[in-house]
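Going by the numbering used here, the first residue of the sequence shown is number 521, and it counts up by one from there.
Please keep in mind that the hints were generated in silico from the structure rather than gathered at the bench.
Take these hints with a grain of salt, some might be off.
What follows is a set of in silico ranges between Cβ atoms, one per label pair, in the way DEER data are often shown [stated by the list, open to error]:
no., residue 1, residue 2, range
1, THR597, ASN656, 21 to 31 Å
2, GLY670, SER615, 31 to 41 Å
3, ARG623, LEU559, 38 to 48 Å
4, ARG618, GLU578, 44 to 54 Å
Cβ coordinates follow ideal geometry from the N, Cα and C atoms, glycine included.
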Amino acid sequence: MEHIISVLVENKFGVLARVAGLFSARGYNIESLSVAPTLDPTTSMITIVTAGDEQIIEQIIKQLNKVIEVLKVIDLTETDFVERETALIKINAKSEHRDEAIRICEIFRAKIVDSTPQTYTIEITGDADKIRAIINLLQPLGIKDMVRTGRVAIAREAVRPAAHRELRAVKA
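Hey, can you work out the whole structure from these sequences and the hints?
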């Protein structure tokens with residue numbers, strides 16, 4: 521089963537290498553990896569997409585927590601979360617396919633960010649299913665090249681019942 525693991529780390533030299541090294545040393549595959557500083561420039565958030573059964577994921581989390589610079593590890597798969605990924609897809613833009621490519625972009629709210637007489641470069645942002653779906657529709661037009669960012673994810677906040685919000689408003 522696929523898991524999205526969020527790892528808050530100290531923003532220091534070599535931390536990413538140590539985190540990635542945990543996976544390779546144990547023969548676990550990283551399907552997607554994204555890292556960037558948080559609002560606090562002394563910390564970074566690493567989003568790792570990996571696959572494994574519950575025992576493997578539990579072992580990964582335990583090993584991550586042993587890394588000194590790791591501050592917090594969350595398996596987002598067990599929570600309510602929002603995920604996004606960006607892809608740039610370069611397709612053949614033959615005259616007979618241009619209208620179809622534009623129509624597909626409109627349906628998926630994608631943008632054509634570059635155009636030449638032979639190609640369109642399309643930018644798409646969404647969850648993994650949306651990215652896969654547009655790739656499948658663009659395939660018959662001729663995909664020349666493609667790059668993907670890897671996924672980023674963030675936990676959703678718990679929604680409080682309306683009664684609690686109203687009660688707080690009355691007290692204020």
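How the hints compare with the structure:
1. Against the hinted window of 21 to 31 Å, the Cβ-Cβ separation of THR597 and ASN656 comes to about 24 Å, which satisfies the hint.
2. Distance hint check: the CB atoms of GLY670 and SER615 are about 34 Å apart, consistent with the given range 31 to 41 Å.
3. Under the hint 38 to 48 Å, the C-beta atoms of ARG623 and LEU559, about 39 Å apart, fit the expected range.
4. A hinted range of 44 to 54 Å for the beta carbons of ARG618 and GLU578 is consistent with their spacing of about 51 Å.
The earlier numbered hints are all upheld by this structure, with none contradicted.
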